[in-house]
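J.: Residue-level listing of the chains:
There are 2 protein chains.
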Amino acid sequence: MIVALAGGVGGARLAVGLAAALPPRQLAIVVNTGDDFQHLGFTICPDLDTVMYTLAGVNDRIAGWGRADESWNFIDTLRELGGEIWFRLGDRDLAVHVLRTLALRDRVPLSEVTRRLALRLGVRHAILPMSETPVRTRVRTDRGELSFQDYFVRLRCRPRVRGFRFVGSRNATPPAPLRNVLRGEAVSAVVLCPSNPYLSIAPILAVPEIGAWIRRRGFPVVAVSPIVGGAAVKGPAAKLMRELGEQPSALGVVRHYGNLVDGWVIDRCDAKLKPEIEREGKRVLVTDTLMTSRSKSVRLAEAALAHARMLAASRG
Amino acid sequence: MIVALAGGVGGARLAVGLAAALPPRQLAIVVNTGDDFQHLGFTICPDLDTVMYTLAGVNDRIAGWGRADESWNFIDTLRELGGEIWFRLGDRDLAVHVLRTLALRDRVPLSEVTRRLALRLGVRHAILPMSETPVRTRVRTDRGELSFQDYFVRLRCRPRVRGFRFVGSRNATPPAPLRNVLRGEAVSAVVLCPSNPYLSIAPILAVPEIGAWIRRRGFPVVAVSPIVGGAAVKGPAAKLMRELGEQPSALGVVRHYGNLVDGWVIDRCDAKLKPEIEREGKRVLVTDTLMTSRSKSVRLAEAALAHARMLAASRG
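So the sequence lines, in the order shown, correspond to chains A and B.
At the far end of the first sequence sits residue 320, using our numbering, and the numbering has no gaps.
At the far end of the second sequence sits residue 320, using our numbering, and the numbering has no gaps.
Everything labelled a hint here was simulated from the structure, so no lab data went into it.
One or more of the hints may lead you astray.
Here are the computed distance ranges between Cβ atoms for each label pair [as the list claims (entries may be wrong)]:
#1 Arg-298(B) with Arg-162(A): 20 to 30 Å
#2 Glu-88(B) with His-43(A): 15 to 25 Å
#3 Glu-88(A) with Arg-283(B): 54 to 64 Å
#4 Arg-162(A) with Ser-299(B): 24 to 34 Å
#5 Glu-213(B) with Arg-92(A): 52 to 62 Å
#6 Glu-84(B) with Arg-183(A): 23 to 33 Å
#7 Val-171(B) with Leu-264(A): 54 to 64 Å
#8 Arg-158(B) with His-43(A): 40 to 50 Å
#9 Arg-162(A) with Glu-84(B): 31 to 41 Å
A quick note: this is a predicted structure, and the numbers were derived from the prediction, not measured.
Even glycine gets a Cβ: it sits at the ideal position worked out from N, Cα and C.
All chains should be modelled from the sequences, with the hints used to inform the complete structure.
T.: Take a look at the structure:
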């Protein structure tokens, strides 16, 4: 079994490849919930939805969030009525938020809500929130501490970042199906998807049971670099690395994760960094990592899985 | 000042005429809230919305509820996801439900929520819910007691009706602006709009302060018959009259209200009933009552107001 840790777009795209390469019982996609928030009375889970919509093939590939064939009459009317519109909710997308909010109010666990929604959308692979209980990413910036969505959407990542807090992570509880995986012996590798190290992967690792499990592992951890050619494929990862004194490059990401990751998958355009990354003690696979189509997602996933198998074999 | 009691479509259309004939400070439109209900986590107020949308000119004239230029992507997606879809919520309409639900949760009174929404839609006349606290119409039928929306929307008024209950009416509290009107001396007439006597007007009269105020009145009460040519213009009024042993005609409605109403406005096609209605001790005005356009609403409202003035003058 493979456990993938994923955030938004990059994670979702690699998840598509992993889901194509592996049957449902051999893949668990653990998704960041640090971006989740309450808005207009709804519980909104941006990364869970991005992964779910992308696996279901109903995602908006251009925007990178929300649904394809979306309409915006709700939010347009909300504007006319003087409501808050900084977080844009599509008419189709709303149906997920309404159903999730109702189910959570009825005390259905988030993992079960997600399972039901995903199943309705035709997704058979397990999309698992990192925690059943709320974890909320707070961003410490030069304008004070901000909620994640304030920083990310309302202020468009403009404030200079000094650090992060994951409120609620100390008591965060992974869902029962994930706990079974963590306590079992079935996992052959963990894949860190090319998601933001600070905003997507760090909150997952901050869940005590997940972080402890990865650190005491008997399996390889393979990561796909979210930094390609010195820039983030999407989002503020490179800007954050600079602001936090790290080098915005594939090598910088390698150093950021340190001992947590055994093997790296980096893009061809970063091939020149391979020797330096190897000097950090890592096994490096160089390939195309830009997932601009489904088939490229599948090829990258297969490459990452092959890299993990090689690492497992070399451990003996 | 004129106080109009209104339910859904018929009430809304006469309200348009009254609002054209009277400046905002001379009209209070008191609206039934017995149809209100909780659905998908929202507080939905169908009659308030119909009156508000109709006064704002954004109503769907063909459906008789909801907004014109509506889209249905939310509810279509809700169906795909297995949600409840028997009550159709349009994408634009949803914005009102979301904002109202949020404001009520923040303890803003329903009358104030309604005022803010109406103002945003450009409505300057007062749309006043009959009660700040919930009143819920229950329908006693041959299939047991049903909530109003179960009877009206889900079962499409098919069950045979035996009676009604207005749960919460005993402790219902009219909004402060309406209480000021009820306690003042400014009202020159009350107009019962052509709304369902059982489902729209009766719940309003069941609010103790409103019912007592009308019964001890020093002003005429004028009603526009909701039954034209032996049929309801819209909705189940005639069916209900038959099931409850009343005559489904303008005369039947006159007898239903008895002493509550002083003067009647009936349609030309019911002109032959005029002598019989007069034998009940009522003053009758015969005119066109089908409000198929805005100008017809205005003419009917002006006729009803003239009838009220005549009644007031003849009281001397």
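J.: Check the following: the C-beta atoms of Arg-162(A) and Glu-84(B) are separated by a distance inside 31 to 41 Å.
T.: holds, 37 Å
J.: For the range 15 to 25 Å, tell me whether the beta carbons of Glu-88(B) and His-43(A) fit it or not.
T.: For Glu-88(B) and His-43(A) the Cβ distance comes to about 22 Å; the hint holds.
J.: Is it true that the C-beta distance of Arg-162(A) to Ser-299(B) lies inside 24 to 34 Å, as the hint says?
T.: violated, 54 Å
J.: So the hint says 52 to 62 Å: do the beta-carbon atoms of Glu-213(B) and Arg-92(A) match that?
T.: Once the Cβ atoms are compared, 44 Å apart, the range 52 to 62 Å for Arg-92(A) and Glu-213(B) is violated.
J.: Range hint 54 to 64 Å: satisfied by the CB atoms of Glu-88(A) and Arg-283(B)?
T.: holds, 60 Å
J.: Against the range 54 to 64 Å, how does the distance between the Cβ atoms of Val-171(B) and Leu-264(A) compare: consistent or not?
T.: holds, 60 Å
J.: Between Arg-158(B) and His-43(A), does the beta-carbon spacing fit 40 to 50 Å?
T.: violated, 30 Å
J.: 20 to 30 Å was suggested as the range; check whether the CB atoms of Arg-298(B) and Arg-162(A) agree with it.
T.: Since Arg-298(B) and Arg-162(A) have Cβ atoms about 49 Å apart, the given range 20 to 30 Å is violated.
J.: Is 23 to 33 Å respected by the C-beta to C-beta distance linking Glu-84(B) and Arg-183(A)?
T.: Roughly 31 Å apart at Cβ, these two residues keep to the hinted range, so it holds.
Against the hints set out earlier in the document, violations occur for numbers 1, 4, 5, 8.
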